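Number of protein chains: 2
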Amino acid sequence: MLQSGMTEKSDRKKEMTRVSKPDFFFSPRTVAIVGATPVKGRISNIILESLRRIGFPGRVFPVNPKYSSIEGMDCYPSLTDIKEEVDVAVFAVPAALTPGLIRDARDDIKGAVVISGGFAEAGAEGITLENELRGLSSSVRIIGPNCMGIYDTVSRLDTFFISFERIKRPQKGRLSIISQSGSFAVTAMDELAAEGIGVARVVSYGNKADMNEADCLEFLADDEHTGAVAVYIESVSDGRRFVAAAAACSAKKPVLAIKVGKTAEAAGAARSHTGAIAGRYEVYRAAFKKAGIIELGGYEDFISACKAYGMGLPSARGRRVMIITDGGGIGVALADACAWARLQAAPLPKELHDEMKKTVPSYFAVSNPMDLTGSATDGLFADSLEKTMAGDHYDIAIVAPMWGPPALSDNLPKLIADKARKSGKPVIICTPGGEFTRSRMELFRKQGLPVFLTPESAVKAAMVLADGKITQRAPV
Amino acid sequence: MLQSGMTEKSDRKKEMTRVSKPDFFFSPRTVAIVGATPVKGRISNIILESLRRIGFPGRVFPVNPKYSSIEGMDCYPSLTDIKEEVDVAVFAVPAALTPGLIRDARDDIKGAVVISGGFAEAGAEGITLENELRGLSSSVRIIGPNCMGIYDTVSRLDTFFISFERIKRPQKGRLSIISQSGSFAVTAMDELAAEGIGVARVVSYGNKADMNEADCLEFLADDEHTGAVAVYIESVSDGRRFVAAAAACSAKKPVLAIKVGKTAEAAGAARSHTGAIAGRYEVYRAAFKKAGIIELGGYEDFISACKAYGMGLPSARGRRVMIITDGGGIGVALADACAWARLQAAPLPKELHDEMKKTVPSYFAVSNPMDLTGSATDGLFADSLEKTMAGDHYDIAIVAPMWGPPALSDNLPKLIADKARKSGKPVIICTPGGEFTRSRMELFRKQGLPVFLTPESAVKAAMVLADGKITQRAPV
Chain U
1 MLQSGMTEKS
11 DRKKEMTRVS
21 KPDFFFSPRT
31 VAIVGATPVK
41 GRISNIILES
51 LRRIGFPGRV
61 FPVNPKYSSI
71 EGMDCYPSLT
81 DIKEEVDVAV
91 FAVPAALTPG
101 LIRDARDDIK
111 GAVVISGGFA
121 EAGAEGITLE
131 NELRGLSSSV
141 RIIGPNCMGI
151 YDTVSRLDTF
161 FISFERIKRP
171 QKGRLSIISQ
181 SGSFAVTAMD
191 ELAAEGIGVA
201 RVVSYGNKAD
211 MNEADCLEFL
221 ADDEHTGAVA
231 VYIESVSDGR
241 RFVAAAAACS
251 AKKPVLAIKV
261 GKTAEAAGAA
271 RSHTGAIAGR
281 YEVYRAAFKK
291 AGIIELGGYE
301 DFISACKAYG
311 MGLPSARGRR
321 VMIITDGGGI
331 GVALADACAW
341 ARLQAAPLPK
351 ELHDEMKKTV
361 PSYFAVSNPM
371 DLTGSATDGL
381 FADSLEKTMA
391 GDHYDIAIVA
401 PMWGPPALSD
411 NLPKLIADKA
421 RKSGKPVIIC
431 TPGGEFTRSR
441 MELFRKQGLP
451 VFLTPESAVK
461 AAMVLADGKI
471 TQRAPV
Chain Y
477 MLQSGMTEKS
487 DRKKEMTRVS
497 KPDFFFSPRT
507 VAIVGATPVK
517 GRISNIILES
527 LRRIGFPGRV
537 FPVNPKYSSI
547 EGMDCYPSLT
557 DIKEEVDVAV
567 FAVPAALTPG
577 LIRDARDDIK
587 GAVVISGGFA
597 EAGAEGITLE
607 NELRGLSSSV
617 RIIGPNCMGI
627 YDTVSRLDTF
637 FISFERIKRP
647 QKGRLSIISQ
657 SGSFAVTAMD
667 ELAAEGIGVA
677 RVVSYGNKAD
687 MNEADCLEFL
697 ADDEHTGAVA
707 VYIESVSDGR
717 RFVAAAAACS
727 AKKPVLAIKV
737 GKTAEAAGAA
747 RSHTGAIAGR
757 YEVYRAAFKK
767 AGIIELGGYE
777 DFISACKAYG
787 MGLPSARGRR
797 VMIITDGGGI
807 GVALADACAW
817 ARLQAAPLPK
827 ELHDEMKKTV
837 PSYFAVSNPM
847 DLTGSATDGL
857 FADSLEKTMA
867 GDHYDIAIVA
877 PMWGPPALSD
887 NLPKLIADKA
897 RKSGKPVIIC
907 TPGGEFTRSR
917 MELFRKQGLP
927 VFLTPESAVK
937 AAMVLADGKI
947 TQRAPV
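Residue numbers (my numbering), protein chains in the order written: chain U, 1 to 476; chain Y, 477 to 952.
Same shape as in the complex, but just chain U (with noise of 0.2 Å):
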């Protein structure tokens, strides 16, 4: 009983002459749960919940020989028994079963995803594991094991096991992440949905016995849902590889990148999460430097990086900033914080300083910082914004309004976003403050304006989209 479009097994045999691109990952139209149950908050439950909360559109095969059917669904005694061809099987069942299984079932199906933890990560015996699983991998592509899987809102598949009352999903989006860590793609997935930054596809590859970093890179490339990429990285399995698949990536979009494990003491500290062994940190940098991949510093980085590009800013033709506040001390801060980012928060050219001068009020100084003191207005914040990002002065801007004074409405982010499209340049918003301040950053954000809580964040970010490459603006 196949619905339409699906294919006979015996018709795929034929066609897998060699091993299959992995591509199948990301537009699955056949999805099995193995170790499938119907009891609530276990881990395969919780993938059965993801695929119907993200509304898979293809066909879900729970497989366990314990049931008949799981919450109304046919349940199959094993992988083998289930009549159409399955492109992706989620193993959830514990890793001393798992080599087995997939050997048993590698006629049935093209990729597996590896949930289960007890390989590499976990000792000698977990290392044999792994190389049996590294073994199948001519016939069966794999992700994991030790990993979450996949979220993807282009092809809604979601084997990511964390309960969505306690982790968030993010909106469909044009940032793909893939991590090497579950738990740090499942964080910075909930911040951004926090945030309201939207994602394509997020891969946790976990150990790697087969799928790494390159491969998905590979994919990426090409994927015409993904604007910008964001890594996290312990270790990279075939540096040669590696730098090939990013560049290439890097050439087509903004390619990000977090190497955590730079000393000695984080490195061991990455070998028993993932089993990798984490190199030295100079090498990745050099790698990542050839082929053209942002580097981000660290998890306040990343999340940055990820709030800019993923909300769609273009990349910085160059690092001159304009910063205007009305928070003078505030100002003063994203100047130093520039200075270390360095990027140039320059005086502002004399002709353009006299024009400012003729129309803003008599008592503010016109400079950058650009402080409009406790008098800002709506008004003067958009007009400054506009004068100074008009011609070529600067490259990317600032905005820091502090709610303080009182003239300032809901209006203003509105204003700010109407004077940023018109100057087709990156403008980041800096707001640090409390209660007031917090709930008025759902307004810059609606408006399309990433929204950052500290000087030191928005300059990440703006940092970033200094290091951008042009070629690189990501397409929205």
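Simulated from the structure, these hints should not be mistaken for laboratory data.
It is possible that some hints are incorrect.
[Said to hold, decoys possible] Computed, partial: chain U to chain Y, Cβ under 7 Å: (1) V154; (2) R166; (3) I167; (4) Q171; (5) S183; (6) E191; (7) A194; (8) G198; (9) G261; (10) G328; (11) G329; (12) G433.
This one's a predicted model, so the numbers in the text were calculated from it and none came from an experiment.
The beta-carbon is built from N, C-alpha and C at its ideal position, and this holds for glycine as well.
With chain U fixed as given, assemble chain Y onto it according to the hints.
This is chain Y only, laid out in the frame that chain U set:
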């Protein structure tokens, strides 16, 4: 008609044989608002409201020849018409009028808080006016001009002229903040209020015509209500006196300082902000070191330090950090950030490692970072913290629970707090994430644990606690 405890003016004048020590600013019995108005939203009206809200226990005298009463209070034509001595007169009138008004009232008031801008920060005319103010400081102590003045939860004085709707005031606490920048002080206060961190005294002294950072530090050194001092500096007025005052203060309690205007460009911004000549950053660094000041690199450091010391965490005895998490990737990112901050996330000593191996589940590696994995429980977090922080292996713990694992419950914060207290060492919480995670921050705060949303900010808090001398333990 004097209240008991009040002094006749004539008596007070006899006392004033020399310039007063400025301590009275922090325990005023009477406050006059010069330029008071019943018009809502005006600066001087907001100050009247601020005094009412904070419950200023002394007498308030509105001064304005235009009104005979304001909001039920008698209004005086001039300061000289007030029968009682005035401890603090707040001036929110045009800059050009201010020196004359203070001169006329120099026998009637002890101290002036000059809110108004338009002085040295505004150019030549303003510099002349500011010099006039300075000349008056032999008879009247002056805070300002171009400042927010004092927010004091001990004396219950609040001259901050920012609306309550937009900027929240922190509760009573043991942290005092002194700041050249009003907007920086306001923004920090608002953020601390949102984080549930209390303050004792906040002084924004702006252009420093008279009172400067040294005067404030001299007072705060002996202030029993102040457990730690955070300072925002653009420029220091008298280097030698500043170092002496800061050294005397840092001998008794932690003194933390941020110097902004580190580069020539940012220093230029400071000049147009508070008229300050920022000076060479290296000179400041040397002075901070000599004075025992813990240097803060930027706004994030400042807030992290205020959170750590403001919650009364003890300084650390050393730089050895234990990281406990259930998110492997975040653990490695924390280890990287520790290395950056010159903190040692050193491996567990063999004895401790072997002891812990006996009690934890076999599938996870006992290491630093300790990764409790998705199988983490409240008990595993608490036990790991207790065991690693006992003895003399580590000086600080960073506990980073990602809320994904279903076994983690709302009891976790209390369990961690209990073990933290038992250890007598500083314990910092790091919980990056979205909606659910952020909703759980309050649970940690209620237990007296400072919570940070990024590895970097948590590590910055650990860094300032490690930079603090053990003799500076803030008494709570």
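Comparing the hints with the structure gives:
{"no.": "1", "hint": "V154", "result": "violated, 21 Å"}
{"no.": "2", "hint": "R166", "result": "holds, 5 Å"}
{"no.": "3", "hint": "I167", "result": "holds, 6 Å"}
{"no.": "4", "hint": "Q171", "result": "violated, 12 Å"}
{"no.": "5", "hint": "S183", "result": "holds, 3 Å"}
{"no.": "6", "hint": "E191", "result": "holds, 5 Å"}
{"no.": "7", "hint": "A194", "result": "holds, 3 Å"}
{"no.": "8", "hint": "G198", "result": "violated, 14 Å"}
{"no.": "9", "hint": "G261", "result": "holds, 5 Å"}
{"no.": "10", "hint": "G328", "result": "holds, 4 Å"}
{"no.": "11", "hint": "G329", "result": "holds, 3 Å"}
{"no.": "12", "hint": "G433", "result": "holds, 5 Å"}
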